[in-house]
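**Q** Spelled out, the chains give:
Number of protein chains: 2
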Amino acid sequence: MAQDRTSRRIVILGGGFAGVETAIALEKGMSRHERETTEIVLVSENNYLVFQPLLPEVISGTLETLHCIAPIRRLTRWTKLYTRRIERIDLKARQVQLAPGYLPKPLTLNYDHLVIALGTQLNFDLVPGSREHALPFKYLEDALRLRNRIVQALEEADNEPDPAEKQRLLTFLVAGGGFSGVECLAELNDFVQAAVHAYRNIRPEEIRCVLVQSGERILPELDAGLASYAQAILERRGIEIHLNTRMKAVSADAVVIQAKTGGEPQQIPTRTVVTTVPAAPHPLISQLECPQERGRITVDEHLRVTDCDGLWSLGDCAAVPQKDGITSPPTAQHAVRQAKTCAKNILNSLRGKPLKPFLFTGLGKLASLGQRAAVAEVMGIKLRGFLAWLAWRTIYLSKFPGWSGKMRVAIDWTADILLPRDITQLRIRRDDAVHREHFHTGEIIFDAGDFGDKLYVVVRGDVEILKGAAIIATLGEREVFGEMALVSDHGRSATVRAKTDVDVVTVSRSAFQQLVNYLPGVSPAIEEIIQKHGATLPEL
Amino acid sequence: MAQDRTSRRIVILGGGFAGVETAIALEKGMSRHERETTEIVLVSENNYLVFQPLLPEVISGTLETLHCIAPIRRLTRWTKLYTRRIERIDLKARQVQLAPGYLPKPLTLNYDHLVIALGTQLNFDLVPGSREHALPFKYLEDALRLRNRIVQALEEADNEPDPAEKQRLLTFLVAGGGFSGVECLAELNDFVQAAVHAYRNIRPEEIRCVLVQSGERILPELDAGLASYAQAILERRGIEIHLNTRMKAVSADAVVIQAKTGGEPQQIPTRTVVTTVPAAPHPLISQLECPQERGRITVDEHLRVTDCDGLWSLGDCAAVPQKDGITSPPTAQHAVRQAKTCAKNILNSLRGKPLKPFLFTGLGKLASLGQRAAVAEVMGIKLRGFLAWLAWRTIYLSKFPGWSGKMRVAIDWTADILLPRDITQLRIRRDDAVHREHFHTGEIIFDAGDFGDKLYVVVRGDVEILKGAAIIATLGEREVFGEMALVSDHGRSATVRAKTDVDVVTVSRSAFQQLVNYLPGVSPAIEEIIQKHGATLPEL
Numbered sequence: 001m002a003q004d005r006t007s008r009r010i011v012i013l014g015g016g017f018a019g020v021e022t023a024i025a026l027e028k029g030m031s032r033h034e035r036e037t038t039e040i041v042l043v044s045e046n047n048y049l050v051f052q053p054l055l056p057e058v059i060s061g062t063l064e065t066l067h068c069i070a071p072i073r074r075l076t077r078w079t080k081l082y083t084r085r086i087e088r089i090d091l092k093a094r095q096v097q098l099a100p101g102y103l104p105k106p107l108t109l110n111y112d113h114l115v116i117a118l119g120t121q122l123n124f125d126l127v128p129g130s131r132e133h134a135l136p137f138k139y140l141e142d143a144l145r146l147r148n149r150i151v152q153a154l155e156e157a158d159n160e161p162d163p164a165e166k167q168r169l170l171t172f173l174v175a176g177g178g179f180s181g182v183e184c185l186a187e188l189n190d191f192v193q194a195a196v197h198a199y200r201n202i203r204p205e206e207i208r209c210v211l212v213q214s215g216e217r218i219l220p221e222l223d224a225g226l227a228s229y230a231q232a233i234l235e236r237r238g239i240e241i242h243l244n245t246r247m248k249a250v251s252a253d254a255v256v257i258q259a260k261t262g263g264e265p266q267q268i269p270t271r272t273v274v275t276t277v278p279a280a281p282h283p284l285i286s287q288l289e290c291p292q293e294r295g296r297i298t299v300d301e302h303l304r305v306t307d308c309d310g311l312w313s314l315g316d317c318a319a320v321p322q323k324d325g326i327t328s329p330p331t332a333q334h335a336v337r338q339a340k341t342c343a344k345n346i347l348n349s350l351r352g353k354p355l356k357p358f359l360f361t362g363l364g365k366l367a368s369l370g371q372r373a374a375v376a377e378v379m380g381i382k383l384r385g386f387l388a389w390l391a392w393r394t395i396y397l398s399k400f401p402g403w404s405g406k407m408r409v410a411i412d413w414t415a416d417i418l419l420p421r422d423i424t425q426l427r428i429r430r431d432d433a434v435h436r437e438h439f440h441t442g443e444i445i446f447d448a449g450d451f452g453d454k455l456y457v458v459v460r461g462d463v464e465i466l467k468g469a470a471i472i473a474t475l476g477e478r479e480v481f482g483e484m485a486l487v488s489d490h491g492r493s494a495t496v497r498a499k500t501d502v503d504v505v506t507v508s509r510s511a512f513q514q515l516v517n518y519l520p521g522v523s524p525a526i527e528e529i530i531q532k533h534g535a536t537l538p539e540l
Numbered sequence: 001m002a003q004d005r006t007s008r009r010i011v012i013l014g015g016g017f018a019g020v021e022t023a024i025a026l027e028k029g030m031s032r033h034e035r036e037t038t039e040i041v042l043v044s045e046n047n048y049l050v051f052q053p054l055l056p057e058v059i060s061g062t063l064e065t066l067h068c069i070a071p072i073r074r075l076t077r078w079t080k081l082y083t084r085r086i087e088r089i090d091l092k093a094r095q096v097q098l099a100p101g102y103l104p105k106p107l108t109l110n111y112d113h114l115v116i117a118l119g120t121q122l123n124f125d126l127v128p129g130s131r132e133h134a135l136p137f138k139y140l141e142d143a144l145r146l147r148n149r150i151v152q153a154l155e156e157a158d159n160e161p162d163p164a165e166k167q168r169l170l171t172f173l174v175a176g177g178g179f180s181g182v183e184c185l186a187e188l189n190d191f192v193q194a195a196v197h198a199y200r201n202i203r204p205e206e207i208r209c210v211l212v213q214s215g216e217r218i219l220p221e222l223d224a225g226l227a228s229y230a231q232a233i234l235e236r237r238g239i240e241i242h243l244n245t246r247m248k249a250v251s252a253d254a255v256v257i258q259a260k261t262g263g264e265p266q267q268i269p270t271r272t273v274v275t276t277v278p279a280a281p282h283p284l285i286s287q288l289e290c291p292q293e294r295g296r297i298t299v300d301e302h303l304r305v306t307d308c309d310g311l312w313s314l315g316d317c318a319a320v321p322q323k324d325g326i327t328s329p330p331t332a333q334h335a336v337r338q339a340k341t342c343a344k345n346i347l348n349s350l351r352g353k354p355l356k357p358f359l360f361t362g363l364g365k366l367a368s369l370g371q372r373a374a375v376a377e378v379m380g381i382k383l384r385g386f387l388a389w390l391a392w393r394t395i396y397l398s399k400f401p402g403w404s405g406k407m408r409v410a411i412d413w414t415a416d417i418l419l420p421r422d423i424t425q426l427r428i429r430r431d432d433a434v435h436r437e438h439f440h441t442g443e444i445i446f447d448a449g450d451f452g453d454k455l456y457v458v459v460r461g462d463v464e465i466l467k468g469a470a471i472i473a474t475l476g477e478r479e480v481f482g483e484m485a486l487v488s489d490h491g492r493s494a495t496v497r498a499k500t501d502v503d504v505v506t507v508s509r510s511a512f513q514q515l516v517n518y519l520p521g522v523s524p525a526i527e528e529i530i531q532k533h534g535a536t537l538p539e540l
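Chains as they are written, first to last, in my numbering: chain A, 1 to 540; chain B, 1 to 540.
Check before you lean on any hint, since a few could be wrong.
Note that the list lumps identical chains together, so a pair holds whenever it fits in one copy or between two copies.
[Stated by the list, open to error] Here are the simulated lysine to aspartate or glutamate pairs, EDC-like style, with alpha carbons at most 16 angstroms apart:
#1 Lys356 with Glu87
#2 Lys105 with Asp253
#3 Lys353 with Glu479
#4 Lys92 with Glu132
#5 Lys344 with Glu301
#6 Lys399 with Asp307
#7 Lys248 with Asp125
#8 Lys105 with Asp447
#9 Lys532 with Asp309
#10 Lys260 with Asp223
Source of the hints: derived by calculation from the structure; they are not laboratory data.
Could you put together the complete structure from these sequences and hints?
**A** If you want it as structure tokens, here you go:
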């Protein structure tokens, strides 16, 4: 293994618990000589580690935005950090290619050992419209974006004269009843209930929080008794829980759900949908030529990938066998222990020593329910209510990396007792120049008289053009509509409705104007469409 | 004035100090009967007030991101808040039109009294490339974006092998030597100097912070003695100050500056440029048919716009005469006092009582220099150093709106003494689908072999296509280049250089793929260009 070279390189891909803890454990385990001859490289898109268990608290503002994360540079000492996207992994050439940074130059890293700890991604392919309209809940950005969406919905609801639209704005739906979904909804509900007092025209009982869970109970990871206790607590707070129910589709203003036993699909009007399920493999992993089971990399009990010299994998992206026969669950505590084993084994294989197996089987499980309640199973003991919540805070505070991080969390928790919830909406202006949207059959895409804010191109499905109640035309794939209002500056002159389920690409007003002016071919094509529509669809 | 109607409406435009304080003063000044018959409406894009004096502290992280702002809903009690953009002001019809919220429906507000407090905007028209490449420093978002850019530059510099590129990444330039520019650069310098210790390959002396000021001294708002004290302090910290110098142009990797006395323009290679000057009128105000002087609305000493019944203006967007003969400067303390006078006068005019003139002439001026130093003139007394800094903190803490806001600021200031600076980079992913860029004469737009991340359309100027050192073609206005690398997935096959100063529109790889697939006309036009270039420019 390149033992004869003066310098060796271990490349770790992924800046979550698995990747960062591997770097830390490698640093700790190396002798001074090994440090001088072995380079540890960590590649992570963000320069911080997200402390996932505390992420829900960012929604409610219990924790300051940046306090559920820890800078990777402060956690490691000799590791070289690249904050770039990974373009390609080449196992044969033993190379990893990183995306360009400021300069348009990609970077190629050769490695002796490669550790893949890329985690999983949310799978948006299963539910139509979820990619376009459901908010993921995994990264710090997601928590921040969700918080802003909630505040925006409250702001709009406070001024909304139409009761149906107001109810839609005040409905918040979370799909997924596992740890992540339950904790997210509990904090979301706490935040909305606390924030609502600043809005004069919203009564707390108008808030509707909905949890959709495909399983027959929430928190399947936990003991059934604790799960039903948690469900009772959430229901007492007015949270609506749909069990044995699947989210079938999402659009900009509604979710379609359906019981697994069949029956009529049901529409829930809402403008804020969060999805926490299900996980899909990282795209780089699905392209990788190595043994995999259900999207996870197969490793042996030493965290080594079979038949791939110098390749290791751990964390959520790996199928790690435990000594109790099951596959390691995707939790932070398992990732941290796997990292220690992985680091030890990389060092042992560099030293020509035998490898050690992964022996950890889990210490316990904790789920926070907000409002000083939680459920927990710690080393066989079941806890619930305030005591479980105290255990939750104590354990996670002790696990938070770094003393300054711990201090910041402790300060926030103290301040939260004293200060009212912050309701500021930090707008992250997204340049929605080119965007995709989904509409259910029968949904109105826009109404006559509406402000013309974008152009639509049909990708899949059909739309109907309405003048009053009369259908004056049907448009299908690759047909364009909504161009007139962008050109003329008047409102929409007709109503457009989804005839079937429809996917569209939209181009914003400002992007449209730049494209028409500068991108070749656009201006004559649009002109042609306007003339054609002008002749056949004078009302569009 | 609609005294006979049962309900009257006062509409305030702008959520800065001027607008928010007018709403607060109106609420305080109204009798119970007036409250029941008069609606106060405030329109602000954000649902919070930015406490501008503390904004620089967000760069350094002394203050948590959301702690330099206060939610407008918590500061007012009966005011109706709309967090929307303003589309149009119609003085004749006495109407204001707001942009759509969630629904594509604009909203029209009729008013009896209209208060315009829209502030100013940064003027990007004077310096080529500044709109595209210089970061403004005015809103909370700006502070956050600047902080992230600094961290990104440090991350890249830490791994950069090319010394010239490393120096470019470690150079930070602020244009404008008034209060805002000086405070911004002082905090920026503090942050970088503190953060740099987490980066193993950057030495503090490699950091270059530059201030460009067109006047003959910094802080022209202050006494000359205090300004030169401030300049000496900043220079002692290694900050480079260019006086009598103008920023002439900005591109993605350099700034061109030139002495006002003439002489050769000088290039400063940098990737982080902040502009704090100069102000331009809000576009809604320039369209308004009312008396204006140099972009500011002319008002009388009662803050009333002459010959426009029920129209008032104050704050940075108004030219308010003071009793000492000068026009009120654009500061928070003046806006707050103007708001009180304006509210009083609106109420008096509703009551048919005589109006009161604006009498305030200013209490003092304060500029923080970071590291517990400041300069101040308070009620005629000049302060500098630690004492001035103590006065600065005491005064602004006392002025911060709301007790919970004050608490949060106080907690942060305390924690800052104990905890190391946070260096996390909260990436705000911007979808740069369609974007504009500027290049100076002679700048390389991309090199052969670079990763093909976007398509370019020339808006103004000429570019040269190079094969080695030989110029093989020149392209001008509306011509397209860079399409091949997007289609073929190989790197760039030629180098492109700006022959003159060049403005381009760029379309990102992902947006390009969607547009080619869906927007009519694009695909055949691009095909045609590829064929043409294939015949005449086989190397592009």
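**Q** Quick one: Lys105 to Asp447, C-alpha cut-off 16 angstroms, is that within a copy, between copies, both, or neither?
**A** Between. Shortest inter-copy distance 9 angstroms satisfies the 16 angstroms Cα cut-off; intra-copy 47 angstroms does not.
**Q** Reference check for the pair Lys532 and Asp309, CA-CA at most 16 angstroms: within, between, both, or neither?
**A** neither (63 angstroms within a copy, 48 angstroms between copies)
**Q** With identical chains, the pair Lys92 and Glu132 could be close in the same copy or across copies; at 16 angstroms between alpha carbons, which is it: within, between, both, or neither?
**A** neither (37 angstroms within a copy, 42 angstroms between copies)
**Q** Please sort Lys399 with Asp307 into within, between, both or neither, judging by C-alpha distance up to 16 angstroms.
**A** Classified as neither; 35 angstroms inside a copy, 67 angstroms across copies.
**Q** How would you classify Lys356 and Glu87 at a CA-CA limit of 16 angstroms: within, between, both, or neither?
**A** Answer is neither; intra-copy 32 angstroms and inter-copy 67 angstroms both fail.
**Q** For the identical chains here, do Lys248 and Asp125 meet the 16 angstroms Cα criterion within one copy, between copies, both, or neither?
**A** Result: close within a single copy only, 11 angstroms intra versus 50 angstroms inter.
**Q** With identical chains, the pair Lys344 and Glu301 could be close in the same copy or across copies; at 16 angstroms between alpha carbons, which is it: within, between, both, or neither?
**A** Only inside one copy: Lys344 and Glu301 sit 13 angstroms apart there, 77 angstroms across copies, limit 16 angstroms.
**Q** Measure nothing new, just compare the shortest in-copy and cross-copy C-alpha distances for Lys353 and Glu479 to 16 angstroms and report within, between, both or neither.
**A** Classified as neither: same-chain Cα gap 65 angstroms, cross-chain 63 angstroms, threshold 16 angstroms.
**Q** Is it within a copy, between copies, both, or neither that the alpha carbon of Lys105 lies no farther than 16 angstroms from that of Asp253?
**A** between (42 angstroms within a copy, 15 angstroms between copies)
**Q** How would you classify Lys260 and Asp223 at a CA-CA limit of 16 angstroms: within, between, both, or neither?
**A** neither (23 angstroms within a copy, 75 angstroms between copies)
Of the numbered hints given earlier, the model fails hints 1, 3, 4, 6, 9, 10; all others are met.
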